Amino acid sequence: MDIWMMIGLVATIGVIAGLSIYSGTKVKGGEAAKNGAPIIAGVIIGTLVGGSSTVGTAQLAYNYGMSAWWFTLGGGIACLILALVYVKPLRAQNCPTLVGMIRKEYGDGAGMAASVLNSVGTFINIISQLISATAVLAVIFPTMGVVPELIISALFMVLYVVFGGTKGAGMVGVLKTILLYVAMMGCAGVVLALVGGVGPFVDLVHSIDNPEGVNFFSLFARGAGEDIGAGLSLILGVLTTQTYAQAVLSGKSDDAGRKGALLSAVLIPPIGVGGILVGLYMRATHPGIVAKTALTAFTLEYMPPVLAGVILGTLFVAVVGTGAGLALGISTIVNNDIVKKLTHRFDSPVKSGLLSKLCIVIVLAVACCLSTGSLGDTILQFAFMSMGLRGAVVFVPLCAALWLPGRIDRKFALASIVAGPVIVLLFGTALSGVLPFDSLFAGIFAALVIMGVGLAVSPKRARLG
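In numbering that gives the first Met the number 0, the protein residues as written are 0 to 464.
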């Protein structure tokens, strides 16, 4: 890295770190419930668009082309559904967490099971963000070891969210979204300029040595079952992740929540296009590189030095923001749905705030320890797995709680919450390949069957308070 690249990098990270600290000093008690549409979109995009949408998308595109679009395309579809279907009923519950809504309808057993399993699913995605962060830092500082890279990444995640909470993350998310567009659209523009336009780019892709016969221009290059399953995992994961619900719940009105989600739906999918163009270009021109370094290697080699520094800084912050937002979501669930149900020692705002910050630090520390092995080969695999698990845990019982209150006995909800993720994990690992479709379909189907039986046999009852 030359001096101009380093200036761009340090300036970008410094500005965002400074805004994070500044936003934290401006957040007052109760202010998080008054966010407008831009801040809500900032929280959603700032968390959803991270390593998987940038570094991971370029990595998957390097191997499978357009199939890599499912993360950002699915994210846009999920935000559209969130805006049009979920914002109003979620806000009408007057409950700070999704798991709390399930607990209110189905009791403490279902609530506790959903809390733990949903947090596990979210935690897996934090690991994928830390892995993505090391891919960025490895290019910037080639001699730095994995452990220092993980520690630096985790420290920035703590800085990003601990000082500002939801509003701080939203303010930083707005700036991060602008920088991401500069970064990814800039990369896309440079790719097309290097090859001479869209037509020559298509010709370049067709010239790739492709003994596997991959259709690089197909959204289903890995097979319809796998790619549709990945898209569904993403959609259900977004709809059942605390961080995104927390964003719309923090809005000053239903309209603000809806507009924030709609803005996210429009802005997220184009970001993936830049990563796809870069991944395919690097596959054609640099076929021997490690796939997960496609985006960072392209940035170093082809972008103007100052802009390259800005892009690398933005990619790093994008990863940091996603990991931090997910850690905030876990912290909110643990604080509201686990600790407060077991003890009242942390009910005061000061103690509750300290507990949330401590939880974020612990979550990131454990994630660092689990990221030091050989987990980093496929970044998006962890992201899709995480989304699928969250969807299998929460989606069906949450929908039933929102639209079928008082109709299903709690024991069926508990069985659904446990059976869904167990089946996803079983057929996604030990029995992988047995099913001709993604294991998420099996998990959701099992949850639907269990809740359907519950609806058929349970007498109408009073809503649990």
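Simulated from the structure, these hints should not be mistaken for lab results.
Here the structure is a predicted model, which is why all the values come from computation and not from measurement.
You may find that some hints are simply not true.
Derived lysine-lysine pairs resembling BS3-like cross-links, with alpha carbons at most 25 Å apart [unchecked claim]: (1) K103 - K410; (2) K356 - K339; (3) K350 - K339; (4) K339 - K410; (5) K410 - K251; (6) K103 - K251; (7) K33 - K87; (8) K87 - K103; (9) K33 - K258; (10) K251 - K33; (11) K258 - K87; (12) K340 - K356; (13) K350 - K33; (14) K87 - K356; (15) K33 - K356; (16) K340 - K410.
These are the hints, each one checked on the structure:
For the proposed pair K103 and K410, the alpha carbon gap of about 14 Å is at most 25 Å, so the pair holds. Restraint check for K356 and K339: the C-alpha separation of about 15 Å stays at or below 25 Å, so the hint holds. Taking the CA atoms of K350 and K339, the gap is about 11 Å. The hint holds against a cut of 25 Å. The hinted pair formed by K339 and K410 meets the criterion: a straight-line CA distance of about 23 Å does not exceed 25 Å.
At most 25 Å may separate the alpha-carbon atoms for a hinted pair to count; K410 and K251 exceed this at roughly 36 Å. Proximity of K103 to K251 is assessed by CA-CA distance (about 23 Å); at most 25 Å being required, the pair is judged to hold. Of the supplied pair hints, the one linking K33 and K87 holds, its CA atoms being roughly 16 Å apart against a limit of 25 Å. Our distance criterion of 25 Å between C-alpha atoms is met by K87 and K103, whose separation comes to about 18 Å.
For a cut-off of 25 Å, the pair hint linking K33 to K258 stands: about 14 Å separates their Cα positions. Between the alpha carbons of K251 and K33 the distance comes to roughly 4 Å, so the proposed pair stays at or under 25 Å and holds. A hinted pair counts as satisfied when its Cα atoms are at most 25 Å apart, and K258 with K87 qualifies at roughly 12 Å. For a cut-off of 25 Å, the pair hint linking K340 to K356 stands: about 19 Å separates their Cα positions.
Under the criterion of a C-alpha separation no larger than 25 Å, the hint pairing K350 with K33 is consistent with the structure, at around 23 Å. With a C-alpha separation of about 29 Å, the suggested pairing of K87 with K356 is violated against the 25 Å cut-off. Only pairs whose Cα atoms come within 25 Å are accepted, and K33 paired with K356 is accepted, the gap being roughly 22 Å. The hinted pair formed by K340 and K410 meets the criterion: a straight-line CA distance of about 19 Å does not exceed 25 Å.
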